[in-house]
Amino acid sequence: MQEEKKKRERKKLTVRTKLLIGISCCLVLLVASWFLGQRFEPVRNALNYVAQPIQKVYVSVGNWFQDVFDNFQSRDALEQENSRLQEELTRLQNENLQLQNDARRVEELEELYELDSYYRDYPKTGAQIISLSPNNWYESFIIDKGSADGIEEYMPVLAGGGLAGHVSEVYEHYSYVVSVIHESSYIYGQINRKNGDLVAVQGTRTNQASQTETGYEELCMIQFVTNDVDITVGDEIVTSALGDIYPPGLHIGTVVDIQPLETGYESVAYVRPEVDLEQMDTVLVITEIWKQDMHDEVQEGGAESGAVS
Amino acid sequence: MSQLLAGVIGFLLLLGEGTWLHYAELASITPNLTLIFVVLWGLLKGSRRGRYLGLALGLLQDFLFCRYIGFYGMVYYLLGHSSGYFQKDFYQSHAILPLLIVAGADLIYGFLQYLVYCFFAGDLAIGYYLLHRILPEMCYTAMISVILYPLVCWLSRMAEKIDSNMSKLRKVGKRE
Numbered sequence: 001m002q003e004e005k006k007k008r009e010r011k012k013l014t015v016r017t018k019l020l021i022g023i024s025c026c027l028v029l030l031v032a033s034w035f036l037g038q039r040f041e042p043v044r045n046a047l048n049y050v051a052q053p054i055q056k057v058y059v060s061v062g063n064w065f066q067d068v069f070d071n072f073q074s075r076d077a078l079e080q081e082n083s084r085l086q087e088e089l090t091r092l093q094n095e096n097l098q099l100q101n102d103a104r105r106v107e108e109l110e111e112l113y114e115l116d117s118y119y120r121d122y123p124k125t126g127a128q129i130i131s132l133s134p135n136n137w138y139e140s141f142i143i144d145k146g147s148a149d150g151i152e153e154y155m156p157v158l159a160g161g162g163l164a165g166h167v168s169e170v171y172e173h174y175s176y177v178v179s180v181i182h183e184s185s186y187i188y189g190q191i192n193r194k195n196g197d198l199v200a201v202q203g204t205r206t207n208q209a210s211q212t213e214t215g216y217e218e219l220c221m222i223q224f225v226t227n228d229v230d231i232t233v234g235d236e237i238v239t240s241a242l243g244d245i246y247p248p249g250l251h252i253g254t255v256v257d258i259q260p261l262e263t264g265y266e267s268v269a270y271v272r273p274e275v276d277l278e279q280m281d282t283v284l285v286i287t288e289i290w291k292q293d294m295h296d297e298v299q300e301g302g303a304e305s306g307a308v309s
Numbered sequence: 001m002s003q004l005l006a007g008v009i010g011f012l013l014l015l016g017e018g019t020w021l022h023y024a025e026l027a028s029i030t031p032n033l034t035l036i037f038v039v040l041w042g043l044l045k046g047s048r049r050g051r052y053l054g055l056a057l058g059l060l061q062d063f064l065f066c067r068y069i070g071f072y073g074m075v076y077y078l079l080g081h082s083s084g085y086f087q088k089d090f091y092q093s094h095a096i097l098p099l100l101i102v103a104g105a106d107l108i109y110g111f112l113q114y115l116v117y118c119f120f121a122g123d124l125a126i127g128y129y130l131l132h133r134i135l136p137e138m139c140y141t142a143m144i145s146v147i148l149y150p151l152v153c154w155l156s157r158m159a160e161k162i163d164s165n166m167s168k169l170r171k172v173g174k175r176e
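Chains as they are written, first to last, in the numbering used here: chain A, 1 to 309; chain B, 1 to 176.
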């Protein structure tokens, strides 16, 4: 009896020590990756080498199902949409003509004043989204291009004609993009009007978001002093030249809702971003870093990590 | 052998979470398939197998999706282990206990994620996260676990067959 008891006790102890060993292994990894994150790159690359084909198959199968599903949409809805789009097309054609005239005039004026063109064509490269973050807590996604394709940290990412986010981590054949709706996102924006006010576009994180109706999670918000900023529902928000990461003139989104805060003299405007993460598709990465000092910092960081490894 | 098979299936589920699972998003909440699989595996196969599967899948998730490695490994390790404690007191035909255990595990998981992503970042609004992330995710995950439970049961029976066949083969090999 006693021997059995002893055996059982020993067994219990070993389970406990095994648990402790497992936990401490994880903790050691956690601390190690904190201090020397770059060292794990080979492991990450190897795992991604296996994972990426599977993820690509998943995405293409998902898109195929989406297409099939969309095809089942009723004919009426499609016809309605068609007529609506026709209307919009004529409107846009008119607008386009006007804009072309404006552009020509701007060019003439620029020549006249010897100004560099403000909105430049940035060099871009296409990339496919291969995965979103697997949990509900972190709005980021993975694209299938990395340092081997010339991607660097802090490069802006565009999708569907608007801003999607910026590159946050780069590996050899893939990189992470933090989206504009991510909680820590902070963009220097501007209302797209003549003499539009400057605003700060943030991801939704703080307590205020909880006081609005549902759907806020996919939105960005602008907190502003009510009397100081002239902003209405339907305003388009673009990036301003003040930011470090994003070049000016990129479309962030449209204001969909404005609500006063409890404090009385401040309000929050909710911005629906152009990018729709659920439609996993291709994105465009601007392969040029906007501000030179930022670029230098990145280079220094790269050189350092290169020296270590 | 069967453990390896479970690992591969778990890996495929994990990759699915970032890709096709987002088509099943409800109010921007997705269920946590990896957690369901780890917890049910621990429940059906015991603590030892549960925690090893949890550790493997957690570390894979860390390496593939996270900047700092080890958090998910540890969480899944502990969840897989502790779900094994319920192994002896339930019958496979009942789906209520697995549902409750998965729900409880997801609650713990959500709370730990809140601590890591928000609390330590200085965001103390737990009520908001509880209502908008943790509880919806828990309900959704628990509902999906009811659907997945028979599948995992079937997989576990297959795993037993594979194991017994393997051990027979080994015995035959020894005799010869």
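It cannot be assumed that every hint is accurate.
As the list claims (entries may be wrong) - The following label-pair restraints were derived from C-beta to C-beta distances:
1) A:E169 - B:V172: 39 to 45 Å
2) A:D70 - B:Q3: 37 to 43 Å
3) A:V233 - B:R67: 52 to 58 Å
4) A:D70 - B:K88: 47 to 53 Å
5) B:L5 - A:D257: 45 to 51 Å
6) B:P150 - A:D197: 38 to 44 Å
7) B:R67 - A:L109: 45 to 51 Å
8) B:V172 - A:F69: 48 to 54 Å
9) B:R157 - A:F69: 31 to 37 Å
10) B:S164 - A:S24: 33 to 39 Å
11) B:Y85 - A:S24: 31 to 37 Å
12) B:R157 - A:E288: 37 to 43 Å
To be verified - DSS-like, lysine-lysine: derived pairs with alpha carbons at most 30 Å apart:
13) B:K171 - B:K161
14) B:K168 - A:K194
15) B:K161 - B:K88
16) B:K88 - B:K168
17) A:K18 - A:K124
18) A:K56 - B:K88
In case anyone wonders, no lab produced these hints; they're calculated from the structure.
Positions of the beta carbon are idealized from the N, C-alpha and C atoms, including for glycine.
Consistency of the hints with the structure:
For E169 (chain A) and V172 (chain B), the Cβ-Cβ distance of about 51 Å falls outside the hinted range of 39 to 45 Å, so the restraint is violated. The hint said 37 to 43 Å for the Cβ distance between D70 (chain A) and Q3 (chain B), and at roughly 41 Å that hint holds. Against the hinted window of 52 to 58 Å, the Cβ-Cβ separation of V233 (chain A) and R67 (chain B) comes to about 37 Å, which falls outside the hint. The beta-carbon spacing between D70 (chain A) and K88 (chain B), approximately 49 Å, falls within the hinted interval of 47 to 53 Å.
Look at L5 (chain B) against D257 (chain A): about 50 Å separates their beta carbons, and that is inside 45 to 51 Å. Separation of P150 (chain B) from D197 (chain A) is about 58 Å and departs from the stated range, judged on CB atoms against 38 to 44 Å. As the Cβ distance of R67 (chain B) to L109 (chain A) is approximately 47 Å, the hint placing it in 45 to 51 Å holds. Between V172 (chain B) and F69 (chain A) the beta carbon distance is about 51 Å. The supplied range of 48 to 54 Å therefore holds.
The beta-carbon spacing between R157 (chain B) and F69 (chain A), approximately 34 Å, falls within the hinted interval of 31 to 37 Å. Between S164 (chain B) and S24 (chain A) the Cβ separation comes to about 35 Å, which falls inside the hinted range of 33 to 39 Å. Taken as a hint, the range 31 to 37 Å is violated for the pair Y85 (chain B) and S24 (chain A), whose Cβ atoms sit roughly 21 Å apart. Range check, R157 (chain B) to E288 (chain A): Cβ separation about 57 Å, and the 37 to 43 Å hint is violated.
Straight-line distance between C-alpha atoms of K171 (chain B) and K161 (chain B) comes to about 15 Å, which keeps the hinted pair within the 30 Å bound. Distance restraint check for K168 (chain B) and K194 (chain A): the Cα-Cα separation of roughly 81 Å exceeds the 30 Å cut-off, and the hinted pair is therefore not satisfied. With a C-alpha separation of about 20 Å, the suggested pair K161 (chain B) and K88 (chain B) falls inside the 30 Å cut-off, and the hint holds. Proximity of K88 (chain B) to K168 (chain B) is assessed by CA-CA distance (about 26 Å); at most 30 Å being required, the pair is judged to hold.
Between K18 (chain A) and K124 (chain A), the direct Cα distance comes to roughly 51 Å. Violation of the 30 Å bound is thereby established for this hinted pair. Of the supplied pair hints, the one linking K56 (chain A) and K88 (chain B) is violated, its CA atoms being roughly 41 Å apart against a limit of 30 Å.
Of the numbered hints stated above, those contradicted by the structure are hints 1, 3, 6, 11, 12, 14, 17, 18, listed in ascending order.
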